[in-house]
Amino acid sequence: MPSLKNDLLHIQIKSKGAELSHITSVKHQTEFLWQADPTVWGSHAPNLFPIIGALKADSYRYNSQTYQMPKHGFVRHNNHLNITNQTDSSITFRLTSNSELFKLYPFLFQFEITYTLHENKLTITHTVTNLDDKIMYFSLGGHPAFNCPLAEDEAYTDYYLEFETDETSPTYLLNMDNGLLTNKTKPIFADGNRINLRPDLFNEDALIFKELNSRMVRLKHRTKGEVLQVNFKDFNSLGIWAKPNAPYVCIEPWLGYADNETTDQKLETKEGILSLEAGSKFNATYTIEIAQKHLI
-8 MPSLKNDLLH IQIKSKGAEL SHITSVKHQT EFLWQADPTV WGSHAPNLFP IIGALKADSY
52 RYNSQTYQMP KHGFVRHNNH LNITNQTDSS ITFRLTSNSE LFKLYPFLFQ FEITYTLHEN
112 KLTITHTVTN LDDKIMYFSL GGHPAFNCPL AEDEAYTDYY LEFETDETSP TYLLNMDNGL
172 LTNKTKPIFA DGNRINLRPD LFNEDALIFK ELNSRMVRLK HRTKGEVLQV NFKDFNSLGI
232 WAKPNAPYVC IEPWLGYADN ETTDQKLETK EGILSLEAGS KFNATYTIEI AQKHLI
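Taking the working numbering, I'd label the letters of the sequence shown as residues -8 to 287.
Calculated from the structure, these hints are not laboratory results. Careful, some of the hints might be misleading.
[Unchecked claim] Here are the computed distance ranges between Cβ atoms for each label pair:
#, residue 1, residue 2, range
1, ASN194, ALA48, 22 to 28 Å
2, THR57, ALA181, 41 to 47 Å
3, ASP144, GLN56, 55 to 61 Å
4, LYS(-4), ALA269, 35 to 41 Å
5, GLU22, GLN56, 43 to 49 Å
6, ASP157, HIS71, 40 to 46 Å
7, THR21, ALA48, 40 to 46 Å
8, MET(-8), GLN283, 22 to 28 Å
9, ALA269, GLY216, 47 to 53 Å
10, GLU268, ASP49, 26 to 32 Å
11, LEU265, GLU155, 21 to 27 Å
12, ALA269, ASN236, 46 to 52 Å
13, GLU110, GLY216, 17 to 23 Å
[What the hints assert, rightly or not] In silico PhoX-like pairs for lysine-lysine, Cα to Cα no more than 20 Å straight-line:
#, residue 1, residue 2
14, LYS272, LYS224
15, LYS62, LYS94
16, LYS62, LYS47
17, LYS215, LYS284
18, LYS257, LYS94
19, LYS175, LYS201
20, LYS201, LYS177
21, LYS47, LYS175
22, LYS224, LYS112
23, LYS18, LYS(-4)
24, LYS112, LYS18
25, LYS62, LYS234
26, LYS112, LYS(-4)
27, LYS257, LYS125
28, LYS284, LYS211
29, LYS201, LYS224
30, LYS94, LYS125
31, LYS94, LYS47
32, LYS18, LYS284
33, LYS284, LYS(-4)
34, LYS284, LYS112
35, LYS112, LYS211
36, LYS18, LYS215
37, LYS47, LYS257
38, LYS7, LYS62
39, LYS125, LYS272
40, LYS62, LYS257
Beta carbons: idealized from backbone N, C-alpha and C, even for Gly.
Please model the complete structure; the sequences and the hints are all you need to start from.
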């Protein structure tokens, strides 16, 4: 399994989907990433491209044709990402459009994801290149799941998420039957910049924030302090999610969302969709930084 290692952290990435699968402290062997228990949720940190979430009827329309697309797109379960560059501190995976993918997504593209490890910080950089002669439409996101609680003598309710600034953004609710976004919202920030974790927090599915002021969030223990932080300066939205009663929390930087219930299913007008001119490149980066006290 491809990996990166320094004096503090050992990072492992699955070839399938170029999915991050381990963030482990070298000294204490503490595992910070959810270990994909298939009886609960069988993923670690899927890469989301070229859509995020669910499409209405698992399909969309482009140039009067209908295309099928699985939830979160086709990178996450793809076995054809190739390593194109690897050093002691970084590794790059690439997926290029082919005849099979063209049946799902009628654009010529190149998707690259680079993991770079420096001290206690992992940087995840996405590069999308439009190899076509027309505008390309896509969404992009991360879905890392972090173990919570970290220790056996701790409870889920010992933890909370702390945003870098006070927030008033509501969460946008999903239709529980089909996973599509509704126009209904719900207030979630009761403590300014803090969301307390509790087993029933995700009974209505993910928390979806479209209007955050923050571009950084910390996972913290009430008495022991910070575990890690996720910085998402290039992403304008965030999902927070876990299966109800599951011992992890996902912190998901997003550029895009699931379809709205009212969608006309046209890719060009999909809410949150990005457009990229022919021959152009797009970059978006987020970072995961483990608190030093867990590593020394």
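Taking the hints in turn, this is what the structure says about them:
1. ASN194 / ALA48: 22 to 28 Å: holds, 25 Å
2. THR57 / ALA181: 41 to 47 Å: Because 43 Å falls inside the window, the suggested range holds.
3. ASP144 / GLN56: 55 to 61 Å: holds, 56 Å
4. LYS(-4) / ALA269: 35 to 41 Å: holds, 40 Å
5. GLU22 / GLN56: 43 to 49 Å: Taking Cβ atoms as reference, GLU22 and GLN56 lie about 45 Å apart, which means the hint holds.
6. ASP157 / HIS71: 40 to 46 Å: Holds, since ASP157 and HIS71 (Cβ atoms, about 44 Å apart) stay within the stated range.
7. THR21 / ALA48: 40 to 46 Å: Taking Cβ atoms as reference, THR21 and ALA48 lie about 43 Å apart, which means the hint holds.
8. MET(-8) / GLN283: 22 to 28 Å: Holds - the Cβ-Cβ distance for MET(-8) and GLN283, about 26 Å, lies within 22 to 28 Å.
9. ALA269 / GLY216: 47 to 53 Å: Distance hint for ALA269, GLY216 holds at roughly 49 Å.
10. GLU268 / ASP49: 26 to 32 Å: holds, 28 Å
11. LEU265 / GLU155: 21 to 27 Å: Taking Cβ atoms as reference, LEU265 and GLU155 lie about 24 Å apart, which means the hint holds.
12. ALA269 / ASN236: 46 to 52 Å: holds, 47 Å
13. GLU110 / GLY216: 17 to 23 Å: holds, 19 Å
14. LYS272 / LYS224: With Cα atoms ~18 Å apart, LYS272 and LYS224 stay inside 20 Å; holds.
15. LYS62 / LYS94: holds, 16 Å
16. LYS62 / LYS47: holds, 10 Å
17. LYS215 / LYS284: Holds, because 10 Å separates the two Cα atoms, which is no more than 20 Å.
18. LYS257 / LYS94: Distance of about 16 Å is within 20 Å: holds.
19. LYS175 / LYS201: holds, 13 Å
20. LYS201 / LYS177: The hint holds at about 12 Å.
21. LYS47 / LYS175: holds, 17 Å
22. LYS224 / LYS112: Holds: LYS224 and LYS112 sit about 15 Å apart, inside 20 Å.
23. LYS18 / LYS(-4): Since the Cα atoms of LYS18 and LYS(-4) sit roughly 12 Å apart, the hinted pair holds (cutoff 20 Å).
24. LYS112 / LYS18: holds, 16 Å
25. LYS62 / LYS234: holds, 16 Å
26. LYS112 / LYS(-4): holds, 12 Å
27. LYS257 / LYS125: It holds: about 16 Å lies between the C-alpha atoms, which stays within 20 Å.
28. LYS284 / LYS211: Satisfied, since the Cα-Cα distance of roughly 12 Å is no more than 20 Å.
29. LYS201 / LYS224: holds, 14 Å
30. LYS94 / LYS125: holds, 17 Å
31. LYS94 / LYS47: holds, 18 Å
32. LYS18 / LYS284: Holds: LYS18 and LYS284 sit about 11 Å apart, inside 20 Å.
33. LYS284 / LYS(-4): holds, 18 Å
34. LYS284 / LYS112: OK: LYS284 and LYS112 at ~13 Å, within 20 Å.
35. LYS112 / LYS211: Roughly 17 Å between the alpha carbons, so the hint for LYS112 and LYS211 holds.
36. LYS18 / LYS215: holds, 19 Å
37. LYS47 / LYS257: This hinted pair holds, its Cα atoms lying about 11 Å apart.
38. LYS7 / LYS62: The given pair, whose Cα atoms are some 17 Å apart, holds under the 20 Å limit.
39. LYS125 / LYS272: holds, 13 Å
40. LYS62 / LYS257: holds, 16 Å
Consistency with the previously given hints is maintained throughout, with no hint failing.
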